[in-house]
Every structure is written in C-alpha cells, then in structure tokens.
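Protein chains in written order, with the working numbering: chain S, 1 to 521; chain E, 1 to 521.
Derived by calculation from the structure, the hints in this document are not laboratory data. Take these hints with a grain of salt, some might be off.
A few chain E residues facing chain S, derived, Cβ under 10 Å [unchecked claim]:
| hint | residue |
| --- | --- |
| 1 | G84 |
| 2 | S138 |
| 3 | D150 |
| 4 | W209 |
| 5 | A292 |
| 6 | H423 |
Every residue gets a Cβ at the ideal spot worked out from N, C-alpha and C, and that includes glycine.
Number of protein chains: 2
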Amino acid sequence: MSASRNGLPKRPAADVGETTAEVVEAAPDFLTADPRSHAQLRRVALATADAVAAARLQDQPFSGADPAQLAAAIATIDPCPDDGVALDELLAQLRDAVLAHGVHVSDPRCAAHLHCPTLLTAAAAELAIGVTNQSLDSYDQAPAATLVEDHLVRWLAATLGLSGGSGVLTSGGTASNLLGLLLARERAGARAAAHGAGVGGLPPEHVRWRIVASAAAHDSIRRCAAVLGLGTGCVTAVATDDAGRIDLGALDAELAALASAGLEPIAIVATAGTTDLGAIDPLAPIAERARACGAWLHVDAALGSGLALSPRLAPLLDGIELADSITADLHKLWFMPIGASALLVRDVALLAAVHHHSDYLNRPEDEVDGVLNLVGRSLDTSRRFDALKILVGLRSTGRLRMAAMVERLVALAAGAARAVDAHDELELLAEPSTVTVVFRWRPGGGEAPLPDDLIDAVNVAAQRALLRSGRAIVGRTRLHGRVALKLTFVNPLARESDVGELLDLVAEAGRAAARAGVAVR
Amino acid sequence: MSASRNGLPKRPAADVGETTAEVVEAAPDFLTADPRSHAQLRRVALATADAVAAARLQDQPFSGADPAQLAAAIATIDPCPDDGVALDELLAQLRDAVLAHGVHVSDPRCAAHLHCPTLLTAAAAELAIGVTNQSLDSYDQAPAATLVEDHLVRWLAATLGLSGGSGVLTSGGTASNLLGLLLARERAGARAAAHGAGVGGLPPEHVRWRIVASAAAHDSIRRCAAVLGLGTGCVTAVATDDAGRIDLGALDAELAALASAGLEPIAIVATAGTTDLGAIDPLAPIAERARACGAWLHVDAALGSGLALSPRLAPLLDGIELADSITADLHKLWFMPIGASALLVRDVALLAAVHHHSDYLNRPEDEVDGVLNLVGRSLDTSRRFDALKILVGLRSTGRLRMAAMVERLVALAAGAARAVDAHDELELLAEPSTVTVVFRWRPGGGEAPLPDDLIDAVNVAAQRALLRSGRAIVGRTRLHGRVALKLTFVNPLARESDVGELLDLVAEAGRAAARAGVAVR
Chain S
1 MSASRNGLPK
11 RPAADVGETT
21 AEVVEAAPDF
31 LTADPRSHAQ
41 LRRVALATAD
51 AVAAARLQDQ
61 PFSGADPAQL
71 AAAIATIDPC
81 PDDGVALDEL
91 LAQLRDAVLA
101 HGVHVSDPRC
111 AAHLHCPTLL
121 TAAAAELAIG
131 VTNQSLDSYD
141 QAPAATLVED
151 HLVRWLAATL
161 GLSGGSGVLT
171 SGGTASNLLG
181 LLLARERAGA
191 RAAAHGAGVG
201 GLPPEHVRWR
211 IVASAAAHDS
221 IRRCAAVLGL
231 GTGCVTAVAT
241 DDAGRIDLGA
251 LDAELAALAS
261 AGLEPIAIVA
271 TAGTTDLGAI
281 DPLAPIAERA
291 RACGAWLHVD
301 AALGSGLALS
311 PRLAPLLDGI
321 ELADSITADL
331 HKLWFMPIGA
341 SALLVRDVAL
351 LAAVHHHSDY
361 LNRPEDEVDG
371 VLNLVGRSLD
381 TSRRFDALKI
391 LVGLRSTGRL
401 RMAAMVERLV
411 ALAAGAARAV
421 DAHDELELLA
431 EPSTVTVVFR
441 WRPGGGEAPL
451 PDDLIDAVNV
461 AAQRALLRSG
471 RAIVGRTRLH
481 GRVALKLTFV
491 NPLARESDVG
501 ELLDLVAEAG
511 RAAARAGVAV
521 R
Chain E
1 MSASRNGLPK
11 RPAADVGETT
21 AEVVEAAPDF
31 LTADPRSHAQ
41 LRRVALATAD
51 AVAAARLQDQ
61 PFSGADPAQL
71 AAAIATIDPC
81 PDDGVALDEL
91 LAQLRDAVLA
101 HGVHVSDPRC
111 AAHLHCPTLL
121 TAAAAELAIG
131 VTNQSLDSYD
141 QAPAATLVED
151 HLVRWLAATL
161 GLSGGSGVLT
171 SGGTASNLLG
181 LLLARERAGA
191 RAAAHGAGVG
201 GLPPEHVRWR
211 IVASAAAHDS
221 IRRCAAVLGL
231 GTGCVTAVAT
241 DDAGRIDLGA
251 LDAELAALAS
261 AGLEPIAIVA
271 TAGTTDLGAI
281 DPLAPIAERA
291 RACGAWLHVD
301 AALGSGLALS
311 PRLAPLLDGI
321 ELADSITADL
331 HKLWFMPIGA
341 SALLVRDVAL
351 LAAVHHHSDY
361 LNRPEDEVDG
371 VLNLVGRSLD
381 TSRRFDALKI
391 LVGLRSTGRL
401 RMAAMVERLV
411 ALAAGAARAV
421 DAHDELELLA
431 EPSTVTVVFR
441 WRPGGGEAPL
451 PDDLIDAVNV
461 AAQRALLRSG
471 RAIVGRTRLH
481 GRVALKLTFV
491 NPLARESDVG
501 ELLDLVAEAG
511 RAAARAGVAV
521 R
C-alpha cells in the first residue's frame, strides 16, 4: 500500500469513491463538518443496516451451526490486517460468518433469557452514541449528555416511586447491584469506623456483616458480595414460597437468628422479578423489616422495573418506593439494547460514598460554573451516553404502547402456563408471576412413567437438541433440585400461536430424547 | 390515541407511512424477517445519521451554552410521553437541544481528555450491536459473538505480548482495572486462606495487603481498591521522575519499607501511559521486582496499548509481556467508541477466580457441546457485543493506517511541546512522553512576573473561560501542587497549524484572565 502525502496509508479506493491524493488526505475515517464525512456516515450506516437485515432473514432463531465449525471459521478472520478491507467486503464476511450465526432476539422461538428484541429507534441511537462519543465522567466531555442523563435518572427514580430521587446509569444489572451493595457496605462501614470502608478498607466488624436475600435472588448478588470483599458466604438464602417470593416467616427467622448470633444484616435485597419464576418479593413488608433492623434496602428490579410503565401492573411493585436503592434494567422489559441499566437512589446524596476527588476530572472550582461531573456518582470513569438511546426509545414509542407491550408479555406468560397445563406431556412447575413459565417434559398420560433422574436427563437433552438444531432456544435451570425448562417472554411480537408451536417443539424434542434415553438404558 | 386490533396503541401514522389496521398491527418496532422492518431500520439509521451530522456543522468544539440554560431546556423534554413522538420531530428536537451541545470530538480544539473521535465504521457497528442485541454472558444468547470475542481477546493479548493469553472485554478502563486487581486480591486470598476471599470474604491478613503504584497511577486504582474492600489507603503513591515514570529507587525503597513493616505487596500496578504526562513506567524492571516479591503485576495500558499498533512505537511497551494482567482501552488510541476496554491475562485460567456456577447460565452439561459461556470470565452478566465494533473498526482501517494515526499523535505532542517552549507566555512543565503536553500560562518576558498563586488562578480562569465560550476545550490538572493545563492528542485529524491556533487561544485567554485578575487585586 502506498502512502499519501500526509503519511497515512491510503484507504481502499472503493471506500472514498475517488482516488486523488487530495481526497485520500481527507479520507473520512471520522465525522467532521466536511460533507464528505457526512456522506460516508450515511454510507456506512446503511451498509451496516443492510448486513444486519440480511442476516435476519432466517426463519428460525439460530442457524444451528456447530460450535467447533463456527469457531474454526471465525478463527480465519484476521482482526487487524495490514491494509484495511473495503467495507462492503468486510460486512459481507461478517454477515455470513458472524451475524447469521447469532440468536435472533425477535424470533418468538428465542425464549430462553431476559434478552429482548430492541426498539429500532433506540438501536439506531447507538449509532449517534458511537459517533458523538460523549464520555459521561465529566461535563467538559459531555455537556448536554450529562444533563440528559441527570434528567432521565430523576424521571426513572420518580417513575419507580423515589420522588426526588436520582441515580446513575450503568452497563448492566450486575453493575447496578454492585453499586447498590457498595452503598450499603459503605453505610455499615461508616457506622463501624470513623471513616467508611472506602478509605481504610473493611473494618474487622465486616466478618459479622450479612446481606439478606432470598434463595431466588440473582446470582450477581453473591458475585457482587465477593467483589466487595464480603465473600459469597455473607449472602443468606432465605426460603421462598411456591411462587418464588421470599417467605416472610423465614425472613423473620433469619433476622432473629442473625441477631442472636451477633451478626449484622447490613442490607436486605428484595427482588422484583426473579430470574426463573419472575416472582416479586413482598416489598412493603420487607421494607418494614429493613427499617426495623437498620439495614439498607436494595430492590433488584432489573426485570420488574418495566411493570411501572403500566398502571395496571405497577401495583405489583407496591413498596418499591421504600427502597434505599433500586436496580432497573432498561435492556429487559423496556426493550432497549444492552447496556441500559440504572442504579436509582432515594437521595442523590447517598451516592457521595463513591465520590473521589480527582485533579483532572472532578475539580471543585468547576462547581462555580454550575458544572456537574457525573464521575462522582459512578464506579466507572469513561462512560457511554446510554441515556440517549433510552430517551429516543421511550419518546418514539410512548408510554401507552410500552405499557401495552409489557401487558402483552404478562398475558402471554399466563396463557403459556395454561397451555402447558393442558399439554399431555408437559408439567407446569410454578404459576407464572410475570413473564416466565417454568415447566418440564415428562411422559404423557398413556406412557409408562420415568424416574426423576431420567426425566432430568431428558429435559437437558431436549433443551440442548433444540439449541443445536437452531429451531428453538428455551431456558434451562433447576427448581427444587430438579431440571426445569423455562420460557421467558420478552418479545412483544410473540403471539399465542407461537407459544403453542414452541411447546410442541419442546414436547417433540422431549419425546425424541426419551426414546433415545430409554434405548440407551 | 385509538387502539389497533391487537390492543397496542397505534404508532404515529408518519412512522409507518400507511394507516390501515393491518400495517399498524405490523408496525416495525423491532427488526424481523419482514421487509417492512428492514425498511424501517434503514429509515431510522439514516435519520439518526443525519441528525448527528447536522449537529456537527458548528465550527467550534462546543456551543458554549450556559449550563443552567441548557439544563432548563433539557428539563422540558418529557422522557416518556403517553403517545410516541414521530421520529423526525423527535430527532430534530434532540439535535437542537442535545446533540448540538455536545463536545465535538473530531474538532482539533477539543483536546482535554483521552476522548477520541471514533472510526465511522466502528460507530456504525454500534447499530448492529444494538439491533442484534447479543448478550455475551452465555453461548445461547450469543453463539458467534461469544466466539468472536474469544478470538479478539486472544489476538489482543498476543499483540500486547501475552502470547497464548486471553481475556475479556469490559465497559471501560476502570472496570478492567477492577478485574485485574480482583485477580490479584484473590491470589493473595488463596495464599492466606484455604479458600479465596471470594467465598469467605477478606481474611484478617488483608489489613497488611498493599497495592504498589506510582503517584501518577490513574485514580481508578484507588477507587477500585475501595470497591474491593481494601480501601484507598492500601494504595501507595511511589514517587515519579520528572517525566512522570515510577522512580525505581523509590519503588525499591517502598518495597523494602513494606517488607520491614510486615506488609505484603499483593500487586504492583505499572502504568503504560499516565493520565497527565502520558508516561510509561519502566515495565521490565518493575516486572523483575514483582516476581521477586511475589506480587501480581498489573499493567494499566488503557492509554499506551495503542502504541503496540506501530512497530516504531511498540518498543516503548517493552516488558509488558511480563504482566499477569493488562488493561487496554480501545476507546482511546484505537479510536473505537466507548466502551471498548479489555482486561487481558497471560493465561485464561487466571480468570477462574471470577467463575461462579449458575444453574441458568453456566451449566456444566453445556461443556459437552463445546459451548463457552463467557459469564465465567467477567464481572458482568448481560454484556454487549462490543467485540463487533472493534473488529469492524480494525479490519476496515488496517494496521498500517491505525499505526500511522498513532504515530501522528505522538509527533503532534512532540511538536506542541516545541511550540509551547517557543511561546513567550507559555511554559512547558514536562517533556511529553506520548500524546499529552502539560504546560501553563504565565506572563511573557516583557511583563512583570506574577506570584504562583495568581498564575494558578489565571490558568484556572483561562481554561474555564475557553470551555464557557466553546472555543477550545483544554485539560486542567495539577502538577507538583500547581495548576497545569494539558493538551491531549487523540485526534488524528489535528494538524500542526491547529496546535498553533489552540496555543494562541490559550495565551489570549490567559492574558485576559490575568488582566482581570490583576485589576481585581
């Protein structure tokens, strides 16, 4: 590749459309005020959109590619060849080797995880976020963006009942839970020592600290406890009722046991929408107990926060307004692209525990100019303008339509439960609370029953076979020690007929696995 | 707003272009195999690109809007009106109220932070990431994407000298540093107790643990130590030389002092590219010391990793191949949109310390299918397919061109230092090491000298006045206790003439502030 006058290697001619040295000099790698860079932005945006759309034409949720073959094909892609590859060639390759072997989140048979299709308007805003590249740590890297995020988190806090509250956006629910639990830990640290744990490290009292959560709380609660130095062992697993909600009697017993053992519940974590059963803990009674024992109340509403959009469903969240901190994932029931999570607090001053002075970012002199540097609220430094996509997605869709989508998902889950119940070979394992249905395959009424171990193996095999074939992606977990299958309804495009088709696919896969399993026995 | 047959409120007719109930039923909120949703994706992508480009026409890096007025204008935007707003109207509003009041990262007078313009191809890939919404925690949410990230982090590790190494992508350098330091803490925990700190929490020995870093290490090292329960107080501030590199004599003295005090250096953090001076610590000699005292070696190459692209500059990173873990931010000298960071390790097995078993994500039975669930490497759960934009950006640009851009930035900084030196009113405070120049305004040779306190105040006022006017965004920090200004060269479009213009703007602002300051005295 020859060099142009400015010493930069040329781009492939096809990318700039002209070949004179002047144009190469101005090759639009970046967006500037130059109209040629605008034309290039339009071109790359369209080419990317077309590649994505072309890879979406498949009529099943996944190609069913073999992992080893897929890995081998991807291994042949040189991440950084010496000379740039023309965009059309590059996108055609990624379309065929990568995008065509993703899971298609808008396919109704993609129903394993809390992993939603995304509003097109919000997804397009990702382009604006990427091109403008505001960094939310300091005002001088993101003036309007800082104010938009501040405005949005206040609205989110108010929408979830924390009127006058605020917060900060994070990259995911785990990061939001980490921040919420850090605030709880810092409050306990401030009680135990003159300084918080932030400066001096965990005080010796930390070995008596406990985080009280139910057995159905998200994995990330334990993982965050490990990160925070408290260890996974400090998180309790309070029993739940049949619907997966924390059992208040068990909670009281746990709190009493902690008290008599001289242990301190620094935080109670309530879950509004558990991962498997979608259950919502009884928030108001839990808040009462948190207040009584001086524990921080963190509500993990990663899933459930979306219910607040619907006046009909919002009462399910009653009591959330009593939280000290709330995790809300807008990349779940709000249909935003990952990452779009928020950690909300009833008072922005509570975030002061993460504030660190910095000579280059967080300068006290800036405050005279009325300048807000969000690094003082966040565990991150450089941070994307994710608030933009959320604002675009919400404003373009409107609350009524958002609410109707969430209502449809709850209705779909209820309908799916009835369909499972009515199915000869499927067994409903819990009544759905919100948007998930947990069930399993077992032999139909006319068949010989099978032992639970074999039913477990059949369900594992059925789920894996469906994924391998690409025909359906269903969730798999364990409930009361037994393998369970799970449908997660986060796709508002799904219809009841899709659910019926999905259940038939599962039943068929179960039958096939059982036949194979019984043959092997 | 009336409801369509499916019970969802209608979208504004302008968004779908037709008004029959059938079309409303199929209103393309999401991308499906339906060609109408493809058309909608193209439309929203182009409209978004046009809004971004129109907001970029300004000929200065920032509009200079007053923060209070900007906040008041943004406060009038309802984040979620009942009815959706037509996209064109919505984007026009955001263009004028938000995007036009961002900082323009491709303007050469935007030179405050490590906050780069982004490759258009990579920024467009953000659209693909958002629409396809793969979640990198489990293979069944991101089959090809999982393998692409795995491929990319191996390449990155090898490029930075960790051949056979691997890693995981994170949302930012702070998150990468957190993971690196967590691994160091877990190794120390495993030595101190039968289990790591992950399960049992920090053992009592933690009060003797120290993280050894220079005084110029990034803020996030201390902030991460606080998150990890070790406290900011556990991080040392070893003295640096004039160029901002860790002083090896001071390091040896610190290590000796720790040993004689019975304290344990669990990690040494070397910085490859400090925030203010861009300095690169002497990596190989530090690695020798880390090995000798059994400390984990973490290299924070958030800034410096981009030097590896250039055979001419890569030797500056000599010794990085001896690291246990490396932070590399691809949203800095690699010109990718935020967030694009990597935590790289010399052996993927080192990441096992963050692995937690999960019934629903990380299932041992999956391994028979050759399935990789990246949640076992990460502190996150839901996680974006950021690897895609990195791959697109690198492949479309090519290594030679990437390297030439980085080389240009280093040359620009060197040239700027000479121009500062030659300027009557500007004083160079340190020789540039990589891409930053730290200097200050002071009266020219013919003027009466001013006391340092007043010079500090003048430099603060000059930087703030430039930001307020929107004419230039320069960095401000402190060096040896005095206020310093900083230019950070991360924009490959900048030319020497731009640097000259920027320095003239600073000198003019300094003069104006000095006149005002002297008048007030």
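Hint check:
{"no.": "1", "hint": "G84", "verdict": "3 Å, holds"}
{"no.": "2", "hint": "S138", "verdict": "7 Å, holds"}
{"no.": "3", "hint": "D150", "verdict": "8 Å, holds"}
{"no.": "4", "hint": "W209", "verdict": "8 Å, holds"}
{"no.": "5", "hint": "A292", "verdict": "25 Å, violated"}
{"no.": "6", "hint": "H423", "verdict": "23 Å, violated"}
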